Each structure stands twice: as structure tokens, then as C-alpha cells.
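Number of protein chains: 2
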Amino acid sequence: MASVAAFRANCRKVMCIGRNYADHIKELNNQRPKQPFFFLKPPSSMLFPGDGPILHPRGVNMHYEVELGLIMGKTLRDLGPADEKGALDAIESYVLAIDMTARNVQDEAKRKGLPWSIAKGFDTFLPLSNIIPKSRIPNPYDVLLHLSVNGQIRQQDKTDLMLFRIPRQLSDISRVMTLEKGDLVLTGTPKGVGEVKTGDVLKAGIEGIEEANIEVDVKDREGPYEFKET
Amino acid sequence: MASVAAFRANCRKVMCIGRNYADHIKELNNQRPKQPFFFLKPPSSMLFPGDGPILHPRGVNMHYEVELGLIMGKTLRDLGPADEKGALDAIESYVLAIDMTARNVQDEAKRKGLPWSIAKGFDTFLPLSNIIPKSRIPNPYDVLLHLSVNGQIRQQDKTDLMLFRIPRQLSDISRVMTLEKGDLVLTGTPKGVGEVKTGDVLKAGIEGIEEANIEVDVKDREGPYEFKET
Ligand SMILES: [Mg+2]
Ligand SMILES: [Mg+2]
Ligand SMILES: [Mg+2]
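First to last, the protein sequences are chains E and W.
One point on numbering: in full-length UniProt numbering, the residue at position 158 of the first sequence is 158, and numbering is uninterrupted.
One point on numbering: in full-length UniProt numbering, the residue at position 189 of the second sequence is 189, and numbering is uninterrupted.
Chain E extracted, bound-state conformation:
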């Protein structure tokens, strides 16, 4: 199992699947995809336990999305979409992740056909738990994800609701771009996403797995950035 320090130093690609839980697609009024689609977050957005608060950029409607993360342990290219063993063998460990999203920035990008990289890529927009040893999750579809805001449960669903399973995800990514040791793949968020504001406290976790705990508060981001639609 990689340490947080090793993972932080070596992760070069964070690939995230969009719209991978049916009820989450409905809540955002999105189309259900006929095939998986993916986007990148920059490694500079990672926020590990002890790194400090999530920073809220001015003018941004900031949403949480709790997701199971796969840390890759080997190079993967052209994995078969039904290769369950190949997919699981390629996973080195797990991590719980919150895919923070600047929803109004993303909405403008979607309307104008622009990339999502800014909406998904602000500093601190990828809170992570400690690394979860692979042996702690014998079945990645038997994982109960939960996220609360100020003590109120907002997301709580099992990973068996994924529309595209892990082999299909790693297949579709790896036939486009090589997955490398240390890369992180986020597997999508269940229903219940919503806004958080300065002063809120987010807690997330996986039932029964202490290493998956995330507890992080939200503070205003200083500096010149302000979102304004153009």
C-alpha cells in the first residue's frame, strides 16, 4: 500500500467518470450517457487529511460529490470491458474522495461547449481520505458511501448502483489513454449532491472502514479570483 506522501508525490492523472449513478443523473436533469465519459482533475487539487480547509472561490456555487477512488498499481492499456480480474488486479489501493465542483462554472461551460477543467480543478477541490489498503475492500461494489454536511446525512448509497462497473470504466479510459501506476480514478457519485458554504463542515466515509474518514471544513478563498459569467 502506498503512503499518502508517496501517492501525493507520484499521482499524475486524476480521471473521473461523470453520471455513473442513475438517481444522480436525474437530480441534475442530465441525459443518461450511452457510454461512460470522463474528465481530468489536476493533481494540484488534492487535499489530504491535515492539509486544511476546502477553499471556496468567490462567486462559486460549490457542490460536493462523494466517490470511491481507485489508485492504480500498474500500467493499463486496452483493458477488456468485461475483464473483472484484470481490473481488480490493476488496483493497488482505494481512497475516498470528494469531487468538489464549481456548479455554476460547470453550468456555463456546458451551455457554451467549453471544457470542465476550471470547474473541476480549483485548489482544494479534491478532498481525500487516507489510503485504504486493498484488503479492506474485498468487493468494491459492496461499499456504502456516506457524506454529511453539518451533521446531516446528504449522500448515502452503495456502490452497487454504479451504471458502468469498474472494468468498463478502466476499459474505456485505457483504450484512450494509458493508466499509469499512481493514477487515481474516481468512479462517480450517487444522488444527494448539493451546495456547501463557508463555515460548513463536511464528513464523509465508508461504513466500517476507518481509513476512509474525511472531515473537512469550508473557508473563503482569499485572492483575486471571482466567478462572473461573461
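It should be emphasised that the hints constitute simulated quantities derived from the structure, not laboratory data.
Heads up, some of the hints might be wrong.
[To be verified] Heads up, simulated SDA-like pairs for lysine to any residue below, C-alpha to C-alpha not over 20 Å straight-line:
#1 E/LYS34 with W/GLU229
#2 W/LYS112 with E/SER3
#3 W/LYS228 with E/PRO36
#4 W/LYS181 with E/ALA5
#5 W/LYS34 with E/ASN29
#6 E/LYS110 with W/LEU28
#7 W/LYS110 with E/ASN29
#8 W/LYS112 with E/PRO33
#9 W/LYS181 with E/ASN10
#10 W/LYS74 with E/ARG103
#11 E/LYS74 with W/GLY223
#12 W/LYS110 with E/ARG19
#13 W/LYS34 with E/ARG111
#14 W/LYS110 with E/PHE37
#15 E/LYS181 with W/ALA6
#16 W/LYS112 with E/LYS181
#17 W/LYS74 with E/GLY223
#18 W/LYS112 with E/GLU226
#19 E/LYS74 with E/LYS26
#20 W/LYS228 with E/PHE37
#21 E/LYS26 with E/ARG154
#22 E/LYS110 with W/ARG103
#23 E/LYS112 with W/GLY113
#24 W/LYS228 with E/GLN31
#25 W/LYS34 with E/LYS74
#26 W/LYS112 with E/ASP107
#27 E/LYS228 with W/ASP78
#28 W/LYS112 with E/VAL201
#29 E/LYS219 with W/THR178
#30 W/LYS110 with E/LYS181
#31 E/LYS110 with W/GLU229
#32 W/LYS112 with E/ARG103
#33 E/LYS112 with W/LYS181
#34 E/LYS181 with W/LYS34
[Unchecked claim] Restraint-style ranges between C-beta atoms, simulated for each label pair:
#35 W/PRO224 with E/GLY59: 36 to 46 Å
#36 E/GLY50 with W/LYS197: 48 to 58 Å
#37 E/ASP220 with W/GLN35: 40 to 50 Å
#38 E/ASN139 with W/LYS228: 27 to 37 Å
It should be emphasised that the depicted structure is a prediction, and the values quoted were computed from it without experimental measurement.
Idealized CB from N, CA, C, for every residue including glycine.
For this one, chain E is given, so just place chain W with the ligands on it according to the hints.
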């Protein structure tokens, strides 16, 4: 100056500006942006001299875009948009880059409001020259970029045509996400982009700078990927 090996091992983020030359915006019938916008390419897309051909994914309309690349030498956050000295001080060296783009994949993404990461992120979709020592480019706006396909010049423009200059680019990126040592920033492409096919030979360079030479051919990509609109 970093070596190719050190850069390849350490680059964690490739940020690219879109629509930064007026005549290139016109040729693709795009809107001129009121502010810069950016997208990520994965480090796994890098293709250095000697690495082999550009691989053409099945069903993809594959376009070249020659661009001046900035390799960052230090951490940058919240740079001022007019801080010419701060911007140039943060550049460690330069590299010539071809931002290969799956145009039909991108067109579908733009129409459907989906991310650009796949269209921009295939393996081999970032041909690079050798590292160009900073001293070889005393003025990054006085650089004549050129690209030819099978011996015919297709792109040939000076970097003084950039709509948003380098300090503004680094300012807008660094107020969203921290730029780190070893990150690469692509500064946009001038007019003349177009398709290349298997068997074509691309040459690109910067007038007067031998380190900037790129010569790479195009071959079919093996494997299961095929682009089909859904
Ligand atoms: Mg997500
Ligand atoms: Mg994108
Ligand atoms: Mg480009």
C-alpha cells in the same frame, strides 16, 4: 535547464489555453472569448523525439495545433495579470508542442456540453520538441512558429498575435489552480490547423532554434478504440 527525462518524469499538469489567436478562432467558427479559458491534457499524452509516431485512433478526425509551451520553474499562485516580470521569472524553459485534437470527438463534446478530456487526451496526442533553454528565447512574443505536413507549410505565425499574453494566461490559471515546478502551459495555436492521416509526416519548429524541431509521422492506432457518435 531540465532534461527531457527529468521533465517527462516530473510534469504533473499540462494546461492549455483555447482560442488565443484571432484568425484561428475564425477558421473554426468559434466565439472570441472575453476571458481566457483552459483545459487539461494528461501527462500520459506526451510524445518526445524518438518516442515513435503519433497514433491515429480509429474514426477520429485528428487535427494538429502547433503551440509554444512554457515549462514552469517555480510555484505560482495568484500572479497579477500585468506582472510581466513575475511571469517570465516563473518560466524555467520552453518547448515546442503540437496539441493534437480529436476534432470530431471535441465537436460532439461541445455540442453536448461534455468535457474535452478525451478529445485532447489520447496517448501520443502531445508531440514535443527537445527542451529549449530559456536563454534561446529572450522574447517569447518574437517567436515564429511553423508547422508543415508532407513538406507543405500549414501554420506559420508569430507569437505576437496572442490575444491574451503570457502574464494574463498565468494569472488566470494560477488564481484557480497552483502552477507547480515542472508543469507545462501551452499558449494557443495560430491559424492553419487541419487534419492529418496515417502516413503523413508532420514537421514543426521555431525559426532559428534547432532545439524546437519536431518531426513525427502518423500511424494507425491498434486496439479496440473506435469513435462513434452516440
Ligand atoms: Mg464527480
Ligand atoms: Mg475538460
Ligand atoms: Mg490548442
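Hint check:
For the hint pairing E/LYS34 with W/GLU229, the CA-to-CA distance comes to about 10 Å; that is within 20 Å, so the pair holds. Pair hint W/LYS112 plus E/SER3 does not hold up; C-alpha atoms about 39 Å apart against a cutoff of 20 Å. Simply put, W/LYS228 and E/PRO36 have alpha-carbon atoms about 13 Å apart, close enough for the 20 Å limit, and the pair holds. Between W/LYS181 and E/ALA5 the CA atoms are separated by roughly 18 Å; this keeps the pair inside 20 Å, and the hint holds.
This hinted pair does not check out: W/LYS34 and E/ASN29 have alpha carbons roughly 28 Å apart, beyond 20 Å. At most 20 Å may separate the alpha-carbon atoms for a hinted pair to count; E/LYS110 and W/LEU28 meet this at roughly 19 Å. Under the criterion of a C-alpha separation no larger than 20 Å, the hint pairing W/LYS110 with E/ASN29 is consistent with the structure, at around 18 Å. A C-alpha spacing of about 11 Å is found between W/LYS112 and E/PRO33, which places the hinted pair at or below 20 Å, so the restraint holds.
The straight-line distance between the Cα atoms of W/LYS181 and E/ASN10 is roughly 14 Å, inside the 20 Å bound, and the hint therefore holds. As the CA atoms of W/LYS74 and E/ARG103 are separated by approximately 30 Å, the hinted pair breaks the 20 Å bound. A hinted pair counts as satisfied when its Cα atoms are at most 20 Å apart, and E/LYS74 with W/GLY223 qualifies at roughly 19 Å. Pair hint W/LYS110 plus E/ARG19 holds up; C-alpha atoms about 17 Å apart against a cutoff of 20 Å.
For the hint pairing W/LYS34 with E/ARG111, the CA-to-CA distance comes to about 16 Å; that is within 20 Å, so the pair holds. Only pairs whose Cα atoms come within 20 Å are accepted, and W/LYS110 paired with E/PHE37 is accepted, the gap being roughly 13 Å. Restraint check for E/LYS181 and W/ALA6: the C-alpha separation of about 18 Å stays at or below 20 Å, so the hint holds. Of the supplied pair hints, the one linking W/LYS112 and E/LYS181 is violated, its CA atoms being roughly 32 Å apart against a limit of 20 Å.
Under the criterion of a C-alpha separation no larger than 20 Å, the hint pairing W/LYS74 with E/GLY223 is consistent with the structure, at around 19 Å. Annotation: proposed proximity of W/LYS112 to E/GLU226 is violated, straight-line Cα distance about 26 Å (limit 20 Å). Between the alpha carbons of E/LYS74 and E/LYS26 the distance comes to roughly 35 Å, so the proposed pair goes past 20 Å and is violated. A hinted pair counts as satisfied when its Cα atoms are at most 20 Å apart, and W/LYS228 with E/PHE37 qualifies at roughly 13 Å.
With a C-alpha separation of about 16 Å, the suggested pair E/LYS26 and E/ARG154 falls inside the 20 Å cut-off, and the hint holds. About 18 Å separates the Cα atoms of E/LYS110 and W/ARG103, which keeps this hinted pair within 20 Å; it holds. This hinted pair checks out: E/LYS112 and W/GLY113 have alpha carbons roughly 7 Å apart, not beyond 20 Å. Using a Cα cut-off of 20 Å, the hinted pair W/LYS228 and E/GLN31 holds, with the two alpha carbons roughly 18 Å apart.
Restraint check: the Cα-Cα separation between W/LYS34 and E/LYS74 comes to about 42 Å, which exceeds 20 Å; the hinted pair is violated. Taken as a hint, the W/LYS112 and E/ASP107 pair is honoured in the structure, with Cα atoms around 12 Å apart against an allowance of 20 Å. With a C-alpha separation of about 17 Å, the suggested pairing of E/LYS228 with W/ASP78 holds against the 20 Å cut-off. For the proposed pair W/LYS112 and E/VAL201, the alpha carbon gap of about 34 Å is over 20 Å, so the pair is violated.
Taking the CA atoms of E/LYS219 and W/THR178, the gap is near 17 Å; set against the 20 Å cutoff, the hint holds. Taken as a hint, the W/LYS110 and E/LYS181 pair is broken in the structure, with Cα atoms around 31 Å apart against an allowance of 20 Å. Under the criterion of a C-alpha separation no larger than 20 Å, the hint pairing E/LYS110 with W/GLU229 is consistent with the structure, at around 18 Å. In summary, the hint linking W/LYS112 to E/ARG103 is supported, as the alpha carbons are separated by about 17 Å, within the 20 Å threshold.
Pair hint E/LYS112 plus W/LYS181 does not hold up; C-alpha atoms about 32 Å apart against a cutoff of 20 Å. In summary, the hint linking E/LYS181 to W/LYS34 is not supported, as the alpha carbons are separated by about 39 Å, beyond the 20 Å threshold. Against the hinted window of 36 to 46 Å, the Cβ-Cβ separation of W/PRO224 and E/GLY59 comes to about 43 Å, which satisfies the hint. At roughly 51 Å, the beta carbons of E/GLY50 and W/LYS197 sit within the given window of 48 to 58 Å.
Between E/ASP220 and W/GLN35, the C-beta spacing of about 22 Å breaks the proposed range 40 to 50 Å. Against the hinted window of 27 to 37 Å, the Cβ-Cβ separation of E/ASN139 and W/LYS228 comes to about 33 Å, which satisfies the hint.
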